[in-house]
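Chains A and B supply the protein sequences, listed in that same order.
Each residue of the first sequence is one higher than the one before, starting from 1 at the first, in this note's numbering.
Each residue of the second sequence is one higher than the one before, starting from 1 at the first, in this note's numbering.
These aren't lab readings, by the way, just hints derived from the structure by calculation.
Owing to the predicted nature of the structure, the values given are computational and were not obtained by experimental measurement.
Any given hint might turn out to be false.
Since the list can't tell identical chains apart, any single copy or any two copies may satisfy a pair.
Stated by the list, open to error - Below, computed lysine-lysine pairings styled on BS3-like, alpha-carbon distance capped at 30 Å: (1) K49 with K223; (2) K285 with K390; (3) K88 with K98; (4) K388 with K362; (5) K400 with K333; (6) K225 with K333; (7) K248 with K285; (8) K223 with K341; (9) K98 with K407; (10) K248 with K280; (11) K280 with K407; (12) K341 with K390; (13) K86 with K388; (14) K390 with K373; (15) K285 with K341.
2 protein chains.
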Amino acid sequence: MKQALLYAQSGGPTSVINASAYGVITEARRQGIKTYVALNGIEGLLCGKISDIDNEDNDQIELLRYTPASAFGSCRVKLPAHSQDKTKYEQILDIFRKLNIRYFVYNGGNDSMNTCSKIADFMQENDYECYVCGIPKTIDNDLLLTDHCPGYGSASKFIATACSEIALDTNVYAHGRITVVEIMGRDAGWLTASSALASVYGAGPDLIYLPERPFDLDSFTQKCKDVYEKNHSCLVAVSEGIRDNDGKYICSYANDEHKDMFNNTQLGGVGAYLASYLTKKTGIKTRAIELSLMQRCSAHIASLTDNEEAVLAGKTAVESVVGGITNKMVAFKRESNSPYKISCVLAPLCEIAHGTQSMPDKFIGEDCCSVTKEFIEYATPLIMGEVKLKYENGLPVFAKLKNDVIKF
Amino acid sequence: MKQALLYAQSGGPTSVINASAYGVITEARRQGIKTYVALNGIEGLLCGKISDIDNEDNDQIELLRYTPASAFGSCRVKLPAHSQDKTKYEQILDIFRKLNIRYFVYNGGNDSMNTCSKIADFMQENDYECYVCGIPKTIDNDLLLTDHCPGYGSASKFIATACSEIALDTNVYAHGRITVVEIMGRDAGWLTASSALASVYGAGPDLIYLPERPFDLDSFTQKCKDVYEKNHSCLVAVSEGIRDNDGKYICSYANDEHKDMFNNTQLGGVGAYLASYLTKKTGIKTRAIELSLMQRCSAHIASLTDNEEAVLAGKTAVESVVGGITNKMVAFKRESNSPYKISCVLAPLCEIAHGTQSMPDKFIGEDCCSVTKEFIEYATPLIMGEVKLKYENGLPVFAKLKNDVIKF
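Isolated chain A (complex conformation) (with noise of 0.2 Å):
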């Protein structure tokens, strides 16, 4: 039986993550390797989720590129350490065994690349010689030892977007308002800062607050009142993952001060409390936006570098396992930002899973509202280009995958 590859996705989706599977699987295809595709990620790899890439139209394939979300299911599954309990690990090595797959290649965050470091780990104790790299995916952009990763630069692309469209909207009226926009990122700011961008370039927020600086609520209600006092009207950007001095997060006040009608633990996130807050603090009209899932599935504004980059990746993942290498995971190097120029090099999987990457101080600015040039010039090429996608009925034509399980 023909050594095989196995893909398969995991953790949140990106716009791009799928422009990853694309470059997994023409890249296999190019050098005659067999591709099989786990559903639902470790999930369905468990309960023998298998679809044969051979079974999909050459033509959905194509879409796959540009189509969001994961293509191939996802799962936020964690395996137990080997010394724990080795049976899931026998599962997979059977799967494996009886597929004859050779190379499997894990597409995901954090907990995602600690999965498949102990995958690479299991097989090796075991003699199974099956090469294992790892794919980073995160809009968060906060996996170590990358200069970047793919699905950051997509997601930059449509806060940065939707700011500069926001803001000259909310500055129309005479007496306008306070609007505080919710974007993701829970412990680092990448995401929030992106929206500087659109400052810089157009019309952007006036204040951007991260998580990487304790919160004031005093301070950011002074800095509130007076642009909007100049300006009759205020935009800002928060982390939803800002904290206070105590390292208490801000959305939690809100949760604190009242639990939903039915007892739920959280109607409104860090926005609408923000905007409430400084409704009651200084009589202003507020509004909050939460830019929600769109930053992570809005391919029809995905950045072509971001796209290109996650093709890249996928392909190296391919050139990396084919070439007997293990236990790594693609990573991006910048050669040089002007021009913009990155390298695939490949960092041992182990030590992703240490921590998590947060915007280094030389990015945020002094007065703890706003970015720094550097990182302007850091997270502009990431944004840069558009994809071209096929339209049809006025609508963005995504891929349609059969994902058909097959029987082994």
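On the provided structure of chain A, position chain B as indicated by the hints.
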């Protein structure tokens, strides 16, 4: 002094109101007519905040065509009846005399058309020769006497695109959620209905709730549960304006049960309320998404058809006033659906303000949670085509006008 035209914008912005401004400006130039703009609509006009289009750079006027929001500012001012108070009308007449304004073109929704009509009447009653025309603008699509309104097609294209991307995103886990997307439209379901375009042409909402039909919480809960049990995921689109059998807004249920922590009237909208309610009743995980302001300002995904028709409406308004016609609004008449063809007609301004246009019965599914094939045929042509924006630094380039106030 040369005969001049005055243009102004009013009400909530759209992605294409500036395309109508572009149509007015370029047609007036072609006809050699001096063009002024009142900043912040009637509110600015009453303060003498008027700018001269000749002071703007031509390249900015070109960009105006694709720039969202109201580039000349907006207002929500309504004028009293002449019989009640003539003061403001006399102020306007005084300014018109000073600048020899003989053509007045006002771009807005229902209330703005009413204002426009009152001004036309006052000018006639005072024997001041001034030809007045309204240009419709509303994402809500609820104006009478026109097949559809400029702004609706682009908002629909954004809503359907976002829903198609959200549908893929929310479908990636083996055990997903019920996702409730809240869409604008207080009294008419046109915008919410457009989410069905995503379902018909790709993936989109499973259930659609419009304000034209009474909303029943029990039936809603059961239907969401049924879809979820079948698909392990459910996407629902609800209009912000859904009401129960007694005509009470569902979003007001939340306010009845609690005020927010600062005693403001509203924290979450109807989507957040329903998501919370569903979790309580069914135990299924839920998420609420508000498409919020992006519905009216996402110029990056504007409909080319809508953009072209908005320009045409502006051009037609100028032709109408120069042709000696007054007290009318440019309206669209659908000549045929396949191929799609419209013509511009002139509707009496005074009749526009009489009411709003709800979705007709023939467009609403008998199950009260879907739309008909007739609606899809009506709406599809309106979202066709993509605008070609100029991008710099990875972001759309929008017009930056000087809007310098002239002295007179």
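For K280 and K407, with the copy left unspecified, which applies at a CA distance of at most 30 Å: within, between, both, or neither?
neither (62 Å within a copy, 40 Å between copies)
Have a look at K285 and K390 and pick one of within, between, both or neither, based on CA distance no larger than 30 Å.
neither (41 Å within a copy, 34 Å between copies)
Can you give me the call for K88 and K98, within, between, both or neither, at a CA distance of at most 30 Å?
within (15 Å within a copy, 84 Å between copies)
Given identical chains, is K341 near K390, meaning Cα to Cα at most 30 Å, within a copy, between copies, both, or neither?
Both: 28 Å inside a chain and 24 Å across chains, each within 30 Å.
At most 30 Å between alpha carbons: which applies to K285 and K341, within, between, both or neither?
neither (45 Å within a copy, 43 Å between copies)
Given identical chains, is K86 near K388, meaning Cα to Cα at most 30 Å, within a copy, between copies, both, or neither?
Neither, since 46 Å and 55 Å both go past 30 Å.
Cα distance capped at 30 Å. Does K98 pair with K407 within a copy, between copies, both, or neither?
within (11 Å within a copy, 84 Å between copies)
Intra/inter-copy verdict for K390 and K373 if alpha-carbon distance must be at most 30 Å
Answer is between: at 24 Å across copies they meet the 30 Å cutoff, but 36 Å inside does not.
K225 and K333: within-copy, between-copy, both or neither at 30 Å Cα:
So K225 and K333 fail the 30 Å test inside a copy (42 Å) and across (47 Å) alike.
At 30 Å max between alpha carbons, let me know whether K388 reaches K362 within a copy, between copies, both or neither.
Classified as neither: same-chain Cα gap 35 Å, cross-chain 36 Å, threshold 30 Å.
Homo-oligomer pair classification [K341, K223; C-alpha up to 30 Å]:
For K223 and K341, the Cα distance exceeds 30 Å both inside one copy (38 Å) and across copies (52 Å).
K248 and K285: within-copy, between-copy, both or neither at 30 Å Cα
Answer is both; intra-copy 27 Å and inter-copy 25 Å each pass.
When the structure is compared with the earlier hints, violations turn up for hints 2, 4, 5, 6, 8, 11, 13 and 15 and for no others.
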